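Visitor: Given next are the chains, with one letter for each unit.
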Amino acid sequence: MSTPLLIAVLLLLAAAAFEFGRRRALQVAGPEFRTLHSLPRYYGSYTALWCALPALILLGAWLAFEDKIITILVIADLPAAYQSLSEPELNLIVNDLRNQLSGNVVSRELNLDMQAAVKHYGSLRATSKAALAVIFLSVAMLGMGLAWRKIAPDFWARNRVEAIVKVLLIICSTLAIFTTIGIVLSVLFESIRFFRAVPVFDFLFGLEWSPQTAIREDQVGSSGAFGAVPLFAGTLLISLIAMLVAAPVGLTSAIYLSEYSHPRFRAAAKPLLEILAGIPTVVYGFFAALTVAPLIRDAGTNFGLDVSSESALAAGLVMGIMIIPFVSSISDDVINAVPQSLRDGSLALGSTQSEMIRKVVLPAALPGIVGGLLLAISRAIGETMIVVMAAGLAANLTVNPLEAVTTVTVQIVTLLVGDQEFDSPKTLAAFALGLMLFLVTLALNVIALYVVRKYREQYE
Amino acid sequence: MLNQKQAVLLERPAKTNDVLPSAPVKIQDTDTKTVGQVTVDKPIMTTRNVDVYYDDKQAIRNVSIDIAYNEVLSMIGPSGCGKSTFLRCLNRMNDTIESARVTGSIELEGHDIYDKKTDVVTLRARVGMVFQKPNPFPKSVYENVAYGPRIHGLARNQSELDEIVETSLRRAGLWDEVKDRLREPGTGLSGGQQQRLCIARCIAVNPDVILMDEPCSALDPIATARIEELIDELRQNYSIVIVTHSMQQAARVSQRTAYFHLGDLIEVGETSIIFTNPQHKLTEDYLTGRFG
Ligand SMILES: Nc1ncnc2c1ncn2[C@@H]1O[C@H](COP(=O)(O)OP(=O)(O)O)[C@@H](O)[C@H]1O
Ligand SMILES: [Mg+2]
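Just so you know, the protein sequences line up as chains A and B, in that order. To convert, note that position 442 of the first sequence is 441 in numbering that gives the first Met the number 0; the numbers rise steadily by one, no gaps. To convert, note that position 262 of the second sequence is 261 in numbering that gives the first Met the number 0; the numbers rise steadily by one, no gaps.
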């Protein structure tokens, strides 16, 4: 039986187990249904959980180790001549066996030994499948039976079910945490490998970025320069341009929406503005590259400026538009959170609406607004697609927004695209860049959260 | 008390004291005629036949009453009878409520405050307001009081501003308690201090009339007594209209009392008389605690 089928059967079994458990509880309780410790459905849930969970755990473990064990068995059974082969060669052979088995293209003629091995492989797989089905269903039945036997009026089924549910929730949430930790650690370890090849100092403060290294010993070519400053400068420049667009536009639209506009207009306009955040960045990217960048270049030519067709300005402008909703939405929320009583207090003293906004509402909302801006900045720093398409790949160290620049994220992409050696400094540099980027955005997010939380305390 | 110099400096250039009041508008005959002493000889504010609607719902009906110079007028009545609504008409705070619509005439020293030519900003500087819940700005004590003078340009330099702040805090009876903590946030004061800070903030722009909407309902008895004393002192310089839920408070601080009932102004009279000898049945019922 295939895995999906097994799971479907298990679900049916669990549903049946629920019903059995419930019935059993009612039955042991007899006419005095009140003597049951828990509601009958908890006994049903308990039985169903015991039916499903052990079987699922078994299935997971089986699927995880099945392939490895079969491979080991097949290799052990190969004629002695093959046993002495090196590991990569053995891997190739196993690959061929697998491909042959599933009818794919095979890289070589298979000799008799190999054909025998393929058969062996196939039979092992079939056995494993059958065994899995049998054991899986037995475990499910066994679990159900054990739980069923435990059911008695003074059995605390509700508490058991709650405990199991709690454990499940904990497992799921730790899974998310461990994934994050795993990613960070792997990036960290690869970065450490990179820093063995390239000194940290050169990476952090080097002014030149050209990651082309010689792949073969005898190859002519640069030995590579891994100074990250131009990349961070480029990121900074583009983020700065983006914020110059997003902060004023986002803030003023938030002020207009929350203080001036008619509630009905606000109800319509706010979701529309938030749609900007839902547009895929790749769409923004070609909008920047095909519409905005040529526009800027033409405009620049009219003024006698020399604008390259890929410019930081184009990418920054479009990125700014993209993050407007981050600024406006959060600002709108925090401005709305300023109590009406403060507005009334100011108006009653004879201030105009704009005086009230400037002198009372904005100062009171400022921490929250700053938090929103920081979140928007970290979004801008992490953005890749727009920059790839509109700002170019040249790692220029410049503050001129009319030139092409590149950013950290873009370089990570280009370092990893195409055929790579996974232990050359060139590839490892991507991890170091990723680590730096992660640290920067993490710091920004922490600051932003801290600021926003501090602000919340003020009125609650 | 303001000395001569301060009084000059606090005076608004466009003060309309010297303009002759127009003849008081006649109270039209209506079915809901208020009993008692509605008009006064020399009113600072007059309201005639004021109706307020929230969308289509009428909140107050045909309210006509005068407010005299240097008097405390208290407004009492059961919850939801329109006291706050009426109070908010007097400095056009109802403008901030989208659905509110005001008809009738309200005059401040003979000038219709709902006239197109009336600048609502100047009006609110002349008719200040203190709210139910103390609402100091999240700024320092000093900045709270200096806020009004700053936006109206009442001080030419820092020392004048300092003087206005000090005078206002003294008049609000708060100076001695906060003079060492002027730079600390106003929100850090106690509830009663916050409310006196709001009063100081209000008198810093030197208004003619101060509106107070249940200013003590969020305060403990001691802070309340402090504010009541203060109201009595402020009467020397200002007209005060105070909404209160406490009849004892109305009796203690006010010279005249107005009783509202379900949007109607039922009875107005001298406080001592209205509490001992109400003319209207509804007033009597309310004062004797039969409802409300
Ligand atoms: N902003 C508003 N929108 C709609 N109706 C309101 C609003 N404010 C008050 N009202 C209504 O107007 C009536 C008078 O309210 P209010 O003036 O607050 O009474 P009071 O201050 O005497 O308790 C009440 O029925 C209330 O529901
Ligand atoms: Mg009220």
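FYI, nobody ran anything at the bench for these hints, they're computed from the structure. Here the structure is a predicted model, which means the values were calculated and not measured. Treat the hints with care, as some may be off.
Said to hold, decoys possible - Below 16 Å or equal to it, Euclidean Cα-Cα: the simulated EDC-like pairs (lysine to aspartate or glutamate) are:
#1 Lys358(A) with Glu142(B)
#2 Lys128(A) with Glu65(A)
#3 Lys67(A) with Glu86(A)
#4 Lys132(B) with Glu70(B)
#5 Lys132(B) with Asp343(A)
#6 Lys165(A) with Glu189(A)
Visitor: Work down the list of hints and note, for each, if the structure agrees.
Guide: Hints and how they fare:
Restraint check for Lys358(A) and Glu142(B): the C-alpha separation of about 11 Å stays at or below 16 Å, so the hint holds. Distance restraint check for Lys128(A) and Glu65(A): the Cα-Cα separation of roughly 9 Å lies within the 16 Å cut-off, and the hinted pair is therefore satisfied. With a C-alpha separation of about 14 Å, the suggested pair Lys67(A) and Glu86(A) falls inside the 16 Å cut-off, and the hint holds. Straight-line distance between C-alpha atoms of Lys132(B) and Glu70(B) comes to about 24 Å, which puts the hinted pair past the 16 Å bound.
A threshold of 16 Å between alpha carbons decides the hint, and for Lys132(B) with Asp343(A) the separation of about 11 Å falls inside it, so the pair holds. Under the criterion of a C-alpha separation no larger than 16 Å, the hint pairing Lys165(A) with Glu189(A) is inconsistent with the structure, at around 36 Å.
Comparing the model with each earlier hint shows violations of hints 4, 6; every other hint is respected.
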